[in-house]
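Protein chains in written order, with the numbering used here: chain A, 1 to 306; chain B, 307 to 730.
None of these hints come from the bench; they were simulated from the model.
Using N, Cα and C, we set each Cβ at its ideal position, and we do this for glycine too.
Treat the hints with care, since some could be wrong.
[To be verified] Derived SDA-like pairs: lysine to any residue, alpha-carbon spacing no greater than 25 Å straight-line:
| hint | chain 1 | residue 1 | chain 2 | residue 2 |
| --- | --- | --- | --- | --- |
| 1 | A | K44 | B | T334 |
| 2 | A | K81 | B | K489 |
| 3 | B | K489 | A | K120 |
| 4 | A | K120 | A | A101 |
| 5 | B | K355 | B | A331 |
| 6 | B | K385 | B | A693 |
| 7 | A | K81 | A | R40 |
| 8 | B | K374 | B | T651 |
| 9 | A | K81 | B | A331 |
| 10 | A | K277 | B | Q585 |
| 11 | A | K81 | B | L623 |
| 12 | A | K277 | B | S335 |
| 13 | B | K729 | B | E367 |
| 14 | B | K385 | B | E367 |
| 15 | A | K277 | B | A463 |
| 16 | B | K355 | A | G159 |
[What the hints assert, rightly or not] To give an idea of the interface, some chain B residues facing chain A are shown, with a C-beta separation under 7 Å as derived from the structure:
| hint | residue |
| --- | --- |
| 17 | I329 |
| 18 | A337 |
| 19 | L340 |
| 20 | L341 |
| 21 | N490 |
| 22 | V671 |
Here is how the chains run, residue by residue.
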Amino acid sequence: MPKLDTQLTALGSPCEFQLYGQSMDQLEEVTALCRAELSRIERKYSRYLDGSIVSEINRCAGSGNFVALDSETARLLDYAKTVFDQSDGLFDITSGVLRQAWNFKSNQLPTDDALRELCKRVGWKRVEFQGSSLHLPVAGMEIDFGGFGKEYAADRVAGLCRGAGITAGLIDLGGDVCILGAHPDGSAWQVGIRNPRDPERAMAVLPLSRGALATSGDYERFMEIDGERYCHLLDPRTGWPIRGLAGVSVVAEQCLVAGTATTVAMLKGTQGPRWLKKLGLPYLWVDAERKTGGSLWPKNAPNPGA
Amino acid sequence: MTSRKLNNRKARRAASRGRKRTILASLTSAAVALLGPVTSSHAGGPVEKFGVAYAFSDYREDNIKKSKFSGLGERSRYKIDTHQFSLEGPVLDRADIGFDFIYESMSGATPWFVQPENTLDSTSKPVQAMSGATVTEKRYDGSVSGNYYFDSARAGAHVGVSKEKDYLAVFAGINGEYHLNEKNTTVTGGFAFSIDEIKPTEGGTDGRIVKDDKQSINLNAGVSQILNRETVAQLSLTYKHSRGFLSDPYKKAFVLQLGGITISDSRPDERNQVSVLAQLRRHFESTSASVHANYRFHADDWDITSHTFELRWVQNLYDDLIQLTPHFRYYSQSQADFYEPFYITERSDGLASSDYRLAPYGSFVFGASLGFRLERWPFWFDWRIAANYERHIADADFALVNVKVKNPGLVNYHFTYVTLEAKF
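Throw the hints in and build the complete structure from the sequences for me.
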């Protein structure tokens, strides 16, 4: 069965498609569709691109001008609201401004004053809706879909592939993985999960034939000061990096749900494992002390910290 | 201060209780809402699962009241039992197909003609003469429908046949919809026709026709607009043209002349009907409910105009596993220009009908349905079972128009149905 592998960079991450199909023509056509979808999502939702709706919303913050939402954006915001509610406000798409205080290359901690000032511009509950238009009430307030945009894109691309009749393949957007179906010989995909303390190496390999896997960790951007690790995942209430967990992986039907679960678990810190257990999806975690747990750990797996 | 804290704590506790049950369900349903449903709706794409459904309905008219009954025929009115089987499923890549089969059995007496209680006094109270109790009649109906889905459009077609001992109808149609404006706007249109042949029992006796036919065409167009995330508005127009034998061969009209004679029900051989339907649906996320409000205006060249107001409250309970839907409908119509409860003398144009359906009246419907949904159990099927009951009461006093003489044949009925659906 013809197979086409494609590597590319999209949404700021290394991405890979491995698709099986009826013919190379079909696979090339599907791959082109997937690329187009990724660049569409990037153009529409990147907070770095002036033409994106996210930039437009952020530019209008504090101006009193409501920005009209198309239905896709409205649904993304609905999703964000649901996750905010289900995470007790920890997952907040307005918390991105807190990054302004954290320069992970500087090896310097921000001042309390700086964080306090930024926290005044955070708060999903303060976002104003008027019918299907939105306004951020404070100048300098921002939203971004960084928290689940990549997972959304993975599900969208997987949906396109399925719609085009692809029943065997894998979509990997920077570690957010959607499985379109097992290899044609029926064997499962072997998907590696990064070791948060040695990201170039896998600490576990999961056999997957369907569904999606997402991973979140404190190793993506961080700095260490006096032996203390400060990572890019910030508590929207305090502005300080979360502590407790080093990495979480979750398997779900949708990449979006898997990714949301990993992020919320990370934000929950030491409460994360309990929250994951209650959630009921297959999961695994590694904490800052290199302890591990979760239903996904293969029996007799080596301890990644050992 | 203290009480506020307490309330906060209560709210948190309540929230955490709710969360235990729904955290994954909430995330999944929000993801499905964002990414599109796993089993897509008819509008968005072909059905993705095979489905079988069975429905049974019981339509039962109240007996005619003694005070409205002339004494001729049977007081027990119509009863219809309907069994419906349907089958649907995806075919090819972008299409779906459905089959419907209906079996109906009907029994009971029907209104025959209306006469003044005292046939020598045109001002006396009109009373209804009924037919004798009929033997059980059977109707069979079979149809096939299919849809093809384009990226932002759907094209559908259906064809079917309906057969009774005295009746044969063949019908077919095409319809379509087109989504634009990021699927916030949907334009729909359709064309359908029906060719019917009637061969009444005991044709040729008592002025009854032996055989005749009628044809009708139906055109509709509509637009539906998503106003915001909670609200959808829809407007549609329908035009129907019928021609041929539009009378009821089993009904007669009473004429007072010569001490009272009955003549055959006779209606114009052409009818043009238009109707406008406005619908508003609003969803209330906080209560997991939605309200559907409809208004329909109908007018035709027989001079009947009617208004229908309908209100439906859809309440989802227990993560949408249970759906409770109370509904209410009000209807009012004016009479056909040639209608009379009975006639003093025959009309010069030869038309005559005392059918209560052409009379001025109003009606109320009160009803409720209760549905249960089971996912992937038992047998890994998705199941839905629903029961619906409604009560219809009609009276000339309910009409918006002023009615001088009430038709005694107006019908009150109970309508009950249950459906069982399985998808796999």
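Quick rundown of the hints versus the structure:
1. A/K44 to B/T334: 24 Å, holds
2. A/K81 to B/K489: 22 Å, holds
3. B/K489 to A/K120: At roughly 37 Å apart (the allowed maximum being 25 Å), A/K120 and B/K489 break the hint.
4. A/K120 to A/A101: Holds, because 13 Å separates the two Cα atoms, which is no more than 25 Å.
5. B/K355 to B/A331: Roughly 21 Å between the alpha carbons, so the hint for B/K355 and B/A331 holds.
6. B/K385 to B/A693: 19 Å, holds
7. A/K81 to A/R40: 23 Å, holds
8. B/K374 to B/T651: 23 Å, holds
9. A/K81 to B/A331: 15 Å, holds
10. A/K277 to B/Q585: 45 Å, violated
11. A/K81 to B/L623: Status holds; Cα separation ~21 Å.
12. A/K277 to B/S335: 19 Å, holds
13. B/K729 to B/E367: 34 Å, violated
14. B/K385 to B/E367: Distance of about 6 Å is within 25 Å: holds.
15. A/K277 to B/A463: With Cα atoms ~50 Å apart, A/K277 and B/A463 exceed 25 Å; violated.
16. B/K355 to A/G159: 17 Å, holds
17. I329: OK, holds: B/I329 within 7 Å of chain A, min 5 Å.
18. A337: 4 Å, holds
19. L340: The hint holds - B/L340 has a Cβ within 7 Å of chain A, the shortest such distance being about 5 Å.
20. L341: Holds - the Cβ of B/L341 comes within 7 Å of chain A, reaching about 5 Å at its closest.
21. N490: 6 Å, holds
22. V671: At about 33 Å, which exceeds the 7 Å cut-off, the nearest Cβ of chain A leaves the hint on B/V671 violated.
Of the numbered hints stated above, those contradicted by the structure are hints 3, 10, 13, 15, 22, listed in ascending order.
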